[in-house]
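Residue numbers (the working numbering), protein chains in the order written: chain A, 1 to 353; chain B, 1 to 353; chain C, 1 to 353.
Be aware that a few hints might be false.
[As the list claims (entries may be wrong)] Straight-line Cα separation of at most 30 Å, BS3-like style, residue types lysine-lysine; simulated pairs:
no., chain 1, residue 1, chain 2, residue 2
1, A, Lys51, A, Lys38
2, B, Lys346, A, Lys346
3, A, Lys51, A, Lys315
4, C, Lys346, A, Lys346
5, B, Lys315, C, Lys315
6, A, Lys289, B, Lys315
7, A, Lys289, A, Lys51
8, B, Lys315, A, Lys315
[As the list claims (entries may be wrong)] Partial list, derived from the structure: chain C residues whose beta carbon lies under 7 Å from chain A:
no., residue
9, Val20
10, Val74
11, Gly142
12, Thr162
13, Asp191
14, Ala203
15, Thr225
16, Gln241
17, Glu333
18, Leu337
19, Arg340
20, Leu344
[Claimed, not checked] Label pairs and their in silico Cβ distance ranges:
no., chain 1, residue 1, chain 2, residue 2, range
21, C, Ala35, A, Gly303, 24 to 34 Å
22, B, Gly17, C, Asp313, 58 to 68 Å
23, B, Leu318, A, Glu329, 16 to 26 Å
24, B, Arg70, A, Gly303, 33 to 43 Å
None of these hints come from the bench; they were simulated from the model.
Only a predicted model underlies this, so the values are computations on that prediction, with no experimental measurement involved.
Positions of the beta carbon are idealized from the N, C-alpha and C atoms, including for glycine.
So the chains spell out like this:
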Amino acid sequence: MAARAGRPLSELAAHVGGEVWGDASIAIAGVNGLAEAKPDELSFYGSPRYKRQLLETRAAAVLITADAPRREGVAYVKVGNPHLAFARISALFHPRPTFRPGVSAGAQVHPQAIVHPQATVMAGATVERGAQVGARTALFPGVYLGEQAVVGEDCTLYPNVTVRERCVVGSRVTLHASCVVGADGFGFALDLEVPEHVKVPQAGIARIEDDVELGACTCVDRATTGETVIGRGSKVDNLVQIAHNVRVGPMSLLCAQAGVSGSTELGAGVVLAGQVGVVGHIRIGDMAKIGAQSGVAQDVPDGAVMSGSPAFDHKRWLRSSVEFERLSELSREVRQLRRRLEALEKSREESGR
Amino acid sequence: MAARAGRPLSELAAHVGGEVWGDASIAIAGVNGLAEAKPDELSFYGSPRYKRQLLETRAAAVLITADAPRREGVAYVKVGNPHLAFARISALFHPRPTFRPGVSAGAQVHPQAIVHPQATVMAGATVERGAQVGARTALFPGVYLGEQAVVGEDCTLYPNVTVRERCVVGSRVTLHASCVVGADGFGFALDLEVPEHVKVPQAGIARIEDDVELGACTCVDRATTGETVIGRGSKVDNLVQIAHNVRVGPMSLLCAQAGVSGSTELGAGVVLAGQVGVVGHIRIGDMAKIGAQSGVAQDVPDGAVMSGSPAFDHKRWLRSSVEFERLSELSREVRQLRRRLEALEKSREESGR
Amino acid sequence: MAARAGRPLSELAAHVGGEVWGDASIAIAGVNGLAEAKPDELSFYGSPRYKRQLLETRAAAVLITADAPRREGVAYVKVGNPHLAFARISALFHPRPTFRPGVSAGAQVHPQAIVHPQATVMAGATVERGAQVGARTALFPGVYLGEQAVVGEDCTLYPNVTVRERCVVGSRVTLHASCVVGADGFGFALDLEVPEHVKVPQAGIARIEDDVELGACTCVDRATTGETVIGRGSKVDNLVQIAHNVRVGPMSLLCAQAGVSGSTELGAGVVLAGQVGVVGHIRIGDMAKIGAQSGVAQDVPDGAVMSGSPAFDHKRWLRSSVEFERLSELSREVRQLRRRLEALEKSREESGR
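Modelling step: build the complete structure from the supplied sequences, incorporating the hints.
Laid out in structure tokens, this is it:
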């Protein structure tokens with residue numbers, strides 16, 4: 001491999017407030033995982049799970065905590081949080097791409113839309129009447145902004161994203177490909193006489209606050225009335241469903257394929273693991289964590305850790321799950337106990353005669 | 001807030017056959033939830049869960065049932081089904097938008113496609129050879145209609161919807177953004193000798209009947225041979241999977257992230273709650289209801305209410321779920337009973353000597 | 001029904017190495033299911049579940065195994081694997097469509113993209129700088145190929161598919177509508193001091209190997225560093241989530257709505273049934289099978305069959321599930337045993353005095 005231009009390790013360490021153990025003058029050309037790192041790359045050690053890779057890595061330097069094992073021939077940068085430091089250093093090597101400002105001739109932008117001169121609207125994107133696009137925001141091909149939809153500054157809307165009419169997207173928001181903001185909520189009222197599911201107009205909007213990221217094919221429905229809200233700094237993975245009138249607090253993390261039903265509120269810093277389902281009209285408290293595939297059926301207090309479907313305390317759920325695996329044996333044992341008890345009872349009865 | 005033009009409450013009440021308690025002459029400017037309603041808006045009281053909001057609402061008028069609490073200064077409209085009445089009145093304030101008829105210069109419409117002069121085909125939509133689009137139907141940007149696909153009247157196909165070749169969409173159908181009708185079913189036959197998963201051609205179609213609504217990123221696969229059918233008036237939420245050759249009866253409701261495997265039949269008025277999974281080749285009877293996250297592994301009789309994975313009677317499932325939460329204690333108790341029983345047995349044995 | 005031109009049954013039987021029982025000279029005009037087959041069509045009998053349909057079919061001929069029941073007036077073709085033979089014969093009647101080669105005037109192809117002259121780029125598709133499209137590959141409207149993305153030969157990318165920058169798609173790959181290859185993985189590091197979820201740049205790629213099929217709205221994220229890989233010949237259904245740095249071995253089958261978390265490895269020939277979830281950083285062994293809706297939380301050995309959430313041995317899970325259904329009765333029985341035991345103990349105590 002040809003030598004690549006790099007940045008001095010000392011500079012990278014300073015960027016994250018880390019202390020160098022070893023040669024701080026070496027040039028780092030990129031970042032990589034421990035197992036894949038090349039001899040001019042920096043990696044990080046985030047979990048004891050990867051101890052073997054740490055000891056075998058070809059990386060020039062590794063971000064570690066103070067207690068991590070070290071060996072000769074590798075430089076180390078001691079930091080409080082190696083994963084966080086890795087994120088910040090990787091961002092130096094992989095800055096957010098910039099796009100040539102302007103509206104492509106192949107884009108469909110309504111004359112009454114307001115597109116900032118520093119925004120990028122690529123061919124095949126559509127901006128409807130009254131919609132607004134902020135500075136340095138990029139709309140990829142196939143993006144659709146409905147009438148009076150507003151997108152702030154420094155956003156990236158990847159291909160085939162739909163933002164329906166009047167919805168609001170803040171600044172520094174990333175919407176991944178084919179994600180849908182502001183589709184109609186699922187609201188119908190049954191008219192038994194016809195019979196017919198009568199549509200309840202979904203007249204509200206969806207609001208995506210600053211610094212949010214929504215994954216590919218994730219859907220955030222517009223509210224029946226009022227707003228569906230994804231709070232500031234929350235990150236939502238792919239294929240997640242957010243129903244009408246849900247409010248997700250700031251700084252929450254919703255993993256892939258999770259779903260939140262209508263009018264439910266998630267507090268700040270909530271974590272929903274993958275494939276979690278949450279019923280409607282409840283509240284999940286601040287900093288609560290819900291385990292993968294759990295089904296939350298009632299209010300969750302602040303800070304609670306829950307699992308199961310229906311969900312309850314995570315530690316209890318772990319114990320119940322262990323027992324579930326041997327439930328057949330437990331049942332057999334109960335049958336045996338009954339027979340032995342019956343034998344004792346009979347014997348008692350006979351001796352009592 | 002400036003006064004908005006409104007409609008007399010008497011007129012709205014008459015529209016839903018309701019009886020006004022209070023001043024029927026007041027002007028209603030819009031509809032809203034109880035908590036958000038402004039002093040010129042109408043709301044509804046659909047569940048005792050919202051009793052506090054009912055008593056505190058600023059709404060000018062509220063749709064209620066006869067037994068709901070009332071207070072001074074608010075007008076009420078007594079109806080049999082407040083949610084249904086709200087849907088109908090909201091529709092007066094939020095009629096389905098109309099679109100300027102015609103084919104945009106930026107649309108790709110094949111010369112042998114048949115687009116009704118009152119249909120709207122927006123820039124960036126594609127209509128392939130032999131495809132048909134009915135009157136007053138709107139195709140948003142990014143919509144794709146494959147060869148000989150047919151879409152009826154008064155439909156809305158939101159951005160980036162795909163309807164593959166030969167599929168049939170009825171009238172008054174709404175397809176939300178990025179929903180996919182007629183992708184190939186998941187059919188492969190294993191040839192162990194190569195080895196290779198040999199594709200089974202998916203030569204059938206998907207048929208979406210009248211008055212159906214399909215959510216964003218929902219997928220209805222085409223049949224291997226014959227048809228996959230979503231029956232008249234059924235409503236399907238976001239991110240739902242309908243496999244090849246499934247038949248969903250009329251008037252069913254499929255909530256977000258539910259999935260139905262191949263060749264399964266759902267009867268009329270079936271409800272699948274969120275994240276339900278249904279295996280292939282079974283039948284779910286008319287009016288059956290399946291609880292959230294359940295996994296249905298065998299036929300379900302008409303009218304049954306089922307939960308769990310695998311699913312069984314909902315009430316039994318509730319009881320089992322309660323016990324599951326204390327399963328560790330149950331197991332411990334069985335161990336204790338065994339020890340006590342052994343002690344008794346031993347004592348008996350000794351006394352019997 | 002007017003007679004259709006057909007192919008002699010003898011020719012079809014020879015194509016799959018089958019032996020004809022009955023009139024090998026009859027003309028077969030198409031293929032269909034047993035229940036739907038017309039009198040000039042061929043069908044197959046793949047499971048005893050469909051014995052009634054086999055006996056009642058109007059098909060001219062049926063692919064069967066040696067032990068299947070037969071009747072007068074129908075021709076049979078004896079084969080080792082009727083479903084596989086059906087797939088191969090159906091492919092004769094339904095060859096992969098070919099598309100007129102060339103770049104449509106309505107497509108956006110960067111001058112520095114490399115599109116094979118036999119490839120088809122339809123109007124509304126985008127091919128960015130440095131991207132490559134192989135021979136006989138078709139890009140439907142709304143397809144987006146990012147910078148330096150590579151797609152091999154004989155691929156079909158259905159409408160609104162996104163392949164992000166630098167990702168690699170092999171040959172004979174099918175990407176169904178709205179599927180997303182190479183969206184950013186879900187990687188953030190928490191900076192508690194701000195607080196802020198700091199994005200970890202997702203600098204790797206996704207690689208889709210030869211003969212893979214990805215379903216509609218399925219998402220395969222790009223790697224943080226390195227590659228996310230879907231191995232040769234694997235088939236992935238709709239709405240599946242594949243996280244960053246996952247490696248799916250060759251010949252695996254992932255059913256609809258399954259999800260695999262970051263850095264997990266699936267071996268060769270793995271089967272994930274519908275709605276399965278797999279945690280990150282584990283390995284699922286070759287030929288392992290995971291039952292529907294299961295949640296895999298730890299390594300799975302080669303060939304294992306697992307179910308449940310968390311998943312364990314499938315047969316044990318079946319037994320536990322049976323017991324779960326009667327868990328309330330089991331709990332009641334334990335309470336009764338305790339009472340009877342207490343009575344015995346008391347009686348013993350009294351008699352011991």
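Open item on the list: For each hint given before, does the structure comply? Return the numbers of the non-compliant ones in rising order.
Closed with: Result: hints 9, 10 and 21 break, sorted rising.
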